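Listed here are the chains, written in short residue letters.
Number of protein chains: 4
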Amino acid sequence: MDLEDDHFHDECGVFGVFGAAEAANLTYLGLHSLQHRGQESAGIVTSNGEQLFVHRGMGLVADVFTAPVIDRLHGDRAIGHVRYSTAGSSHIKNAQPLAVDCAHGSIAVAHNGNLTNAARLRDELEDAGSIFSSDSDTEVVVHLFARSRGRSTVDRVAEALDAVEGAYSLVFMTPSELIAVRDPHGFRPLCLGKLGEAYVVASEPPAFHLIGAEYVRDIEPGEMVVFDETGMRTLRPFTDRKAKKKFCIFEYVYFARPDADFGGISVYQARKRMGRVLAELEPVKADLVVPVPDSGVAAALGFAEASGIPFELGLIRSHYVGRTFIEPQQSIRHFGVRLKLHPVRELLEGKRVAVIDDSIVRGTTSRKIVKMIREAGAKEVHVRISSPPTRWPCFYGIDTPTRDELIANRYSKEEIARFITADSLGYLTIEGLHRAVGGSGYCDACFSGHYEVANTHHEQRRQLPLVGV
Amino acid sequence: MDLEDDHFHDECGVFGVFGAAEAANLTYLGLHSLQHRGQESAGIVTSNGEQLFVHRGMGLVADVFTAPVIDRLHGDRAIGHVRYSTAGSSHIKNAQPLAVDCAHGSIAVAHNGNLTNAARLRDELEDAGSIFSSDSDTEVVVHLFARSRGRSTVDRVAEALDAVEGAYSLVFMTPSELIAVRDPHGFRPLCLGKLGEAYVVASEPPAFHLIGAEYVRDIEPGEMVVFDETGMRTLRPFTDRKAKKKFCIFEYVYFARPDADFGGISVYQARKRMGRVLAELEPVKADLVVPVPDSGVAAALGFAEASGIPFELGLIRSHYVGRTFIEPQQSIRHFGVRLKLHPVRELLEGKRVAVIDDSIVRGTTSRKIVKMIREAGAKEVHVRISSPPTRWPCFYGIDTPTRDELIANRYSKEEIARFITADSLGYLTIEGLHRAVGGSGYCDACFSGHYEVANTHHEQRRQLPLVGV
Amino acid sequence: MDLEDDHFHDECGVFGVFGAAEAANLTYLGLHSLQHRGQESAGIVTSNGEQLFVHRGMGLVADVFTAPVIDRLHGDRAIGHVRYSTAGSSHIKNAQPLAVDCAHGSIAVAHNGNLTNAARLRDELEDAGSIFSSDSDTEVVVHLFARSRGRSTVDRVAEALDAVEGAYSLVFMTPSELIAVRDPHGFRPLCLGKLGEAYVVASEPPAFHLIGAEYVRDIEPGEMVVFDETGMRTLRPFTDRKAKKKFCIFEYVYFARPDADFGGISVYQARKRMGRVLAELEPVKADLVVPVPDSGVAAALGFAEASGIPFELGLIRSHYVGRTFIEPQQSIRHFGVRLKLHPVRELLEGKRVAVIDDSIVRGTTSRKIVKMIREAGAKEVHVRISSPPTRWPCFYGIDTPTRDELIANRYSKEEIARFITADSLGYLTIEGLHRAVGGSGYCDACFSGHYEVANTHHEQRRQLPLVGV
Amino acid sequence: MDLEDDHFHDECGVFGVFGAAEAANLTYLGLHSLQHRGQESAGIVTSNGEQLFVHRGMGLVADVFTAPVIDRLHGDRAIGHVRYSTAGSSHIKNAQPLAVDCAHGSIAVAHNGNLTNAARLRDELEDAGSIFSSDSDTEVVVHLFARSRGRSTVDRVAEALDAVEGAYSLVFMTPSELIAVRDPHGFRPLCLGKLGEAYVVASEPPAFHLIGAEYVRDIEPGEMVVFDETGMRTLRPFTDRKAKKKFCIFEYVYFARPDADFGGISVYQARKRMGRVLAELEPVKADLVVPVPDSGVAAALGFAEASGIPFELGLIRSHYVGRTFIEPQQSIRHFGVRLKLHPVRELLEGKRVAVIDDSIVRGTTSRKIVKMIREAGAKEVHVRISSPPTRWPCFYGIDTPTRDELIANRYSKEEIARFITADSLGYLTIEGLHRAVGGSGYCDACFSGHYEVANTHHEQRRQLPLVGV
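Residue numbers (this note's numbering), protein chains in the order written: chain A, 5 to 473; chain B, 5 to 473; chain C, 5 to 473; chain D, 5 to 473.
Treat the hints with care, as some may be off.
Copies of one chain are not kept apart here, so a pair can be met inside one copy or by any two copies together.
[Said to hold, decoys possible] Distance condition first, Cα-Cα at most 25 Å in a straight line; then the derived SDA-like pairs of lysine to any residue:
(1) LYS289 to GLU309
(2) LYS355 to GLU218
(3) LYS198 to ASN52
(4) LYS248 to ASP127
(5) LYS198 to ILE336
(6) LYS375 to GLN55
(7) LYS198 to VAL158
(8) LYS344 to ASP298
(9) LYS344 to ARG321
(10) LYS355 to GLY267
(11) LYS246 to GLY312
(12) LYS355 to ALA310
(13) LYS249 to GLY354
In short, the hints are calculated from the structure, not lab data.
The structure presented is a predicted model; accordingly, all values stated were derived computationally and were not measured.
Isolated chain A, as found in the complex:
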């Protein structure tokens, strides 16, 4: 259930196109397709081969860009970015793509991920005289690029990335080149497409489908793809060639769109299989299988198929929930959840209900949902979660609560069931999740605590940064 206040949040989506008329407009549409990866700010940088043109703003893609703005974003190549962020750093200064002038000319970059050694690098760069205008990791990469003595853009990007650790799917653009690169572990997705003669890159394949482009393949962990006037070429610039692939398994659980696929594995089908395995590991006696929409639907279909219990859309999702809503002064029970989900009483009344959700973060939303279903007449409410307990924070680009706030970090399954007032609670196991998704080379640190790259994210910066209001 993606209630804004109680879920993991992806930090962004990136897009790039090289060699297409209407590059700005295609990027606008591509970002629209990636809107679920970030609703806080959006930005596009285009190039006409000589100069970069930039527009960024707070809000949804459709609000940030108007037709006159798109018209002023000249050129046949573009990169774009959508961003989610926690309240503290929600500010225009952190909107991307970041674009600056430096000794090597203008450069722009859009970033999905999180650098684990950004704080240390930032301190070092500041000591060397750099100034920082944002809170974002990405500015570190740009500074490293600017200071690089590499002889080509490619050399300079490679040199900059050799210094950083952590997760990144990056799209760079100079007036003449577009470069897409994925960290050696491939934590975050990045895909390659083709639109006629033009090349396209995006966080997820559905961005290609909207604009009529064709999905070619995932960009590989540690791969750098360079587009320029001579065409496309692919490089392996990283010195650490032994890095293991560690693709974020939570993309399959929740982040990615169900119509996406990565590495030949369909997100929708993976979710269905999670439901099937869940039904096998945590069977339930119930009259109905009801998903928490929209993220729980595919898993619930799998659960229903495997268990033979009928699937029903017993919770309806509202289409009209905006950002701000006037709350009544008198308390309405479960108000926030009620605005977003509506129980179908006629289905639930007197029934034993198996509710399928993708994850439990703090537990407060699950508790409201269970209570709402029970008030709608359900006799029993059994919660089944299509992923393992989330016990650990993510340092690779996902916005998670602190460990203390993660209910599964502090309480047993039975205690959580009591807290959310469920008659029973079942999770998928880590092994079950891997089995459901299939393939290999996944990061499951949020479930297992096995971090591939040391986390230095919590290191305190030596000073309080400036605050945009």
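Take the given structure of chain A and dock chains B, C and D to it, following the hints.
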């Protein structure tokens, strides 16, 4: 498929509350629950027992009302309205509730429905010296009220309504009274609820659930319910006591929320039964049953259950489609549909797909959907519609195209199948629809052409009305 | 000094054009020229000969109208309106032109003035079945028109106006005709102009100058000018042919633009003469004559010339004062005045200053100005007012405080001088004002209490009207 | 005449306050007082002693700042900035104060002026690895600060400023210190004030008056004033101690508010003396002296006094001209000027008019004004300019057209008179201007071409910078 440009549109939702603190805020929430019935304008009128307070605006409920506006809407009683309208009369002057001063004091009214003799009454009223500030039928009712010599508000409302014909679920408010009334045929819904000591009325029961109120019953065709300081009383003011109940069956097919029920019949369950009957009447050899979300989901579940063909969410609906969208200059195939629906290729590829939708209006959207599914790899696309062919316009409060634009009015089933490029097409029969819904006393004029009340809607007004721009 | 919170306010400006391409745009410019007469709402109604097109909104002309709106206001004839209003009735429902459909077709009207028998007429009309959507007097006129049995538009307008009393300069428009009419006393201005073959009417001649039109003459008290396809004709429809001309003398004192003239008398020159007469009647020993800008400038020039005391712009007016301003929590002395006026210390320091303003309403603003000048170093501050004490409210279209709030109604000149902390205070006499303006036939009721038309404005309406929020 | 499209533009105003409750609000008011120095963007940075809080936006001060924003700008010290800019670089990225994090912590800076060696320094900094996010000179200063090895904030600011050349009045703020500094020539103004125990700095003294602060003195050329917890101290950090004072004489001619004074010389009085000297050097036979408001008023008063010709406000300035205005398709003569200035026909008709303006840039506006006055009936129009011909561009913080666009650079006085269709034209001489202002140490390069600091402004940057759209 509720693409804005190719579907029937309901013309409104109404709400009222009497005797509750925060009446304005409850109405705001109630209107939010009814937002699917009208997204063009919204309005609330409150009363503190002495005076009416009015606010109306163009747009969604959450945009029209801000906290300071809600604060200025004083009193413990309120009525509200959401409205859809075609482009021509989309203007603030037609936003409701309508509120005026007249000899009997201030009165406000919110209307769902359409009067079939409004043009004639308007001409008569103008001849008697009345002026009209809007295009809406509702202003006719207010003039009749103002001119009534009835001795009480109830008498005046009854006298006014005796003169009008057609469909109306109306909520009136004077400083001291709130009156809810439904036309003798009960074309449009209107329900009664209770919130502690306060009374609530609304077009659909889910509006009660959001605010924690209890659904009591439907207000009956021809019933007038009066709320004032002495409590609630119910009247049967209409002289024509032989009117047959004619509740709009399309509320079950499409308009109402799936979590609503009317007369003890659940909308969700009725839709599932439509799918079941459809599977029986128009069987198909297919690998998957795929609904056009969101309106086709329940019918598709019924179809899948009855046919034994697996149900899959093969089309994903976007949550981020706003009102305006910048279209690319170069044509992207099926652009409008692509923005709103995304095919899950991994499900559809190589499959025989049974697509379930609730209705076909002009056929152009269905055609785009079929083509999009086929481009996503489907081997066969079979379209099944959970209602009969819509061949006739509605004169009772639904915004429909002209007869000529209704594809089912001009073409056979086979011709329509060819137009939408489907391998086969099947509709529910009228009899099958009635069987699926159950009960009796429905208006099915849009399918059958059997109009209970003569249509004078097409009568040309004798002059061109003024135009808001 | 036209501080918004402490001055008389004119209630509107009207404009009309007949027979010109770009009628909407010309009206937009004309209203811009009349913006000083009303900053609260603006509206334009156009006609293409068959139908009326309407747009109204709250705010300044340049905010209410955008290029796309102007483009949708079709036709070669138009009327427009700008409006000021007190807080209570500041609402879109009162924005003008008022436009309705009635038995005689569509009609729109823009009104400057105030009807003294509107409350009674409204009660009578309501008793006859009329409904009222606004608080404005103008709606009464439209109802009378709609109910008229007159055979032509002219007859109906004449019949309607025969029933009303008070002040009105009105511009009516039907699809085919435009009618400008001034009440028999001619309280409020209305002028006739010519733009090539097209006719123009406006509250003040500068509206003609902006659009390149030529000022022809004032429309006379009791005159009705009709424009239609056959050209222009002028009528004298009123039965009361003995009405005395009573043009508002305060238009010369303050309301009208200095570059306007009425009846051959230049507003600028009249103000200069007020200053001259004032210097003669209330001489002062001073080193400087300083106007309160902008309204006091011309009078101050006249005062300086007549007295031989040097004129200096010792108070500078800010160009950047918007509607809303964040006030500091800690009190800044004379904050409101400081935002709008800035003393030139170098001029004022150690000087005896004669400050010239056009009027004193409540005295609070004058007090702040005097104190501010003294704090800037002035040794003496002598206030001279270029009009007589304003002791009486206006019932003819000016928004004035109640009698109790008018300082000159309750206190002597000496007491007022003490209140505003001036070393001396001098007013023009009523006789002096008439002498300065020249000509005859003026209403000076706000100074003299001699009301030509009985005031029934204070009559309580029998009920509380509805309130827009 | 300050028509936006045809005048010199000042590039900014700066403000700072240290040690006052409501620092953000006082800065907001101070910026309002300086609004005439820049209407394009506004910004405030505050400090609570530990952290900086930043808000910037495009537009007027009153639009950029709302009460909730002011509330989030915590602390008892603040700096602020208003900015004008030419179209090309009109973008949020150039809004000030600039605020960054660097090795020395957070620092913010607000700048009025222009650095003549910025392009070279920027290239050098980029070569050393710096990245630039804006076009502004100011970012160069911040980079120099960040790279300084100085041991204190003061040392680092001094080191940074030793490298730059040109014009600057700067206000820096770190969490704990506020520093105001003026370049050794003192091209641009900067003043010191006191508000109770708090210190205030501002571009012009009227900013002090609005907030109730006291003007203490001008900060001297080459002076650095430091405010911290220990109070205020003043330093002379520059190594070039022989710099000559070169205060911009155009501040007296046009930029500064008439109620400002610098170095004991009142702007208003200086303008009056310009008028007096002009009357002596370029006498005219005329019936009226008419200023082009508002900037020409004081000079016109001086001209009238010296010449004995009556002063009249023959041109009225509109208060309601916003940024955007819908132009009519059919040409209205002198449209732009007509919107802003209105001739008083009754004054001008048949008269010989001496029109006083402060300067002529391209000549196009003057031409429109002369024609408009003549069309209003003037017999002769004699133009007198209260400054010498502007023949040279400014490199010290004023936005001027290129030399080729300056009419006085290419044409003789007689040719200009013909172009603007004046019967005669007279300018002040350079000597006359100096005499009128009095004192010494002025930069008059825009008149004389005597540049004190070499201009490298025209140096082409080696690459096209990125463009915000």
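For each hint, the structure was consulted:
Within a single copy, LYS289 and GLU309 get their C-alpha atoms as close as 14 Å, and across copies as close as 20 Å, so both meet the 25 Å cut-off. Proximity of LYS355 and GLU218 under a CA criterion of 25 Å is satisfied inter-copy only: 20 Å between copies versus 46 Å inside one chain copy. With identical chains, the CA atoms of LYS198 and ASN52 are at most 25 Å apart within one copy only, with a shortest distance of 20 Å there and 52 Å across copies. Taking identical chains as interchangeable, the C-alpha atoms of LYS248 and ASP127 are never at most 25 Å apart, the minima being 29 Å within one chain and 41 Å between chains.
In the homo-oligomer, the alpha carbons of LYS198 and ILE336 lie at most 25 Å apart only across protomers (15 Å), although the nearest pairing inside one protomer, at 51 Å, exceeds that limit. Taking identical chains as interchangeable, the C-alpha atoms of LYS375 and GLN55 are never at most 25 Å apart, the minima being 57 Å within one chain and 40 Å between chains. Proximity of LYS198 and VAL158 under a CA criterion of 25 Å is satisfied intra-copy only: 22 Å inside one chain copy versus 56 Å between copies. For the homomeric pair LYS344 and ASP298, the shortest alpha-carbon distances inside one copy (11 Å) and between copies (15 Å) are both at most 25 Å.
Proximity of LYS344 and ARG321 under a CA criterion of 25 Å is satisfied in both settings, with 6 Å inside one chain copy and 16 Å between copies. Taking the closest pair of Cα atoms, LYS355 and GLY267 come within 25 Å of each other only across two copies (22 Å); inside a single copy the shortest separation is 40 Å, beyond that limit. Neither within a single protomer nor between protomers do LYS246 and GLY312 lie at most 25 Å apart by alpha-carbon distance, with minima of 45 Å and 50 Å respectively. In this assembly of identical chains, LYS355 and ALA310 lie within 25 Å of each other by CA distance both inside one copy and across copies; the values are 19 Å within and 21 Å between.
Within a single copy, LYS249 and GLY354 get their C-alpha atoms no closer than 48 Å, and across copies no closer than 31 Å, so neither meets the 25 Å cut-off.
Going through the hint list in order, the structure does not satisfy hints 4, 6, 11, 13.
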